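Model the full structure from these sequences, guided by the hints.
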Amino acid sequence: MVYFDGPRPPAEAAAIDRANHERIAPAVRGIPGTLGAYVGRTPDGSSAVVALTTSLQAIEDAQRAIMSTDLLPGEDPALFSGPDRMHIGWVLAASPSTAPLAR
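The sequence shown maps to residues 1 to 103 in the numbering used here.
Hint data in this document are derived by calculation from the structure and do not stem from the laboratory. It should be emphasised that the depicted structure is a prediction, and the values quoted were computed from it without experimental measurement. Idealized CB from N, CA, C, for every residue including glycine. There's no promise every hint is true.
[Said to hold, decoys possible] With beta-carbon atoms standing in for the labels, derived distance ranges: (1) R23 x D84: 30 to 36 angstroms; (2) P7 x Y38: 19 to 25 angstroms; (3) A78 x T54: 31 to 37 angstroms; (4) D44 x M1: 15 to 21 angstroms; (5) M67 x L92: 28 to 34 angstroms; (6) P77 x Q57: 27 to 33 angstroms.
See below:
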């Protein structure tokens, strides 16, 4: 999980959205072991990203890929302060959304 604390101005939130869709997601999409990500945002611009991978190596490869991307035309580096904190957790159980978890 990657956390971006708020408050964040609307221009910064919009810049982060654009970077996620046009630069970051394409950079990590083909990395082996990368399963997907969920992004949530609060009204004050705070956000959290839950990235799902099959290994620590996939996380490290994704970080390298993201950091090696060039800014898109018109991107302002001043709008990207980086995450406030990161946390790695391990999935202990998973279930399709149509089936209840066993107790």
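Against the structure, the hints:
Here the CB-CB span from R23 to D84 is close to 20 angstroms, at odds with the stated 30 to 36 angstroms. In this structure the hint that P7 and Y38 lie 19 to 25 angstroms apart at CB holds, the actual value being about 22 angstroms. Restraint check, A78 to T54: a C-beta distance of roughly 35 angstroms satisfies the suggested window 31 to 37 angstroms. At about 18 angstroms, the CB distance of D44 to M1 agrees with the hint of 15 to 21 angstroms.
For the pair M67 and L92, the beta carbons lie near 30 angstroms from each other, so the given range of 28 to 34 angstroms is met. At roughly 28 angstroms, the beta carbons of P77 and Q57 sit within the given window of 27 to 33 angstroms.
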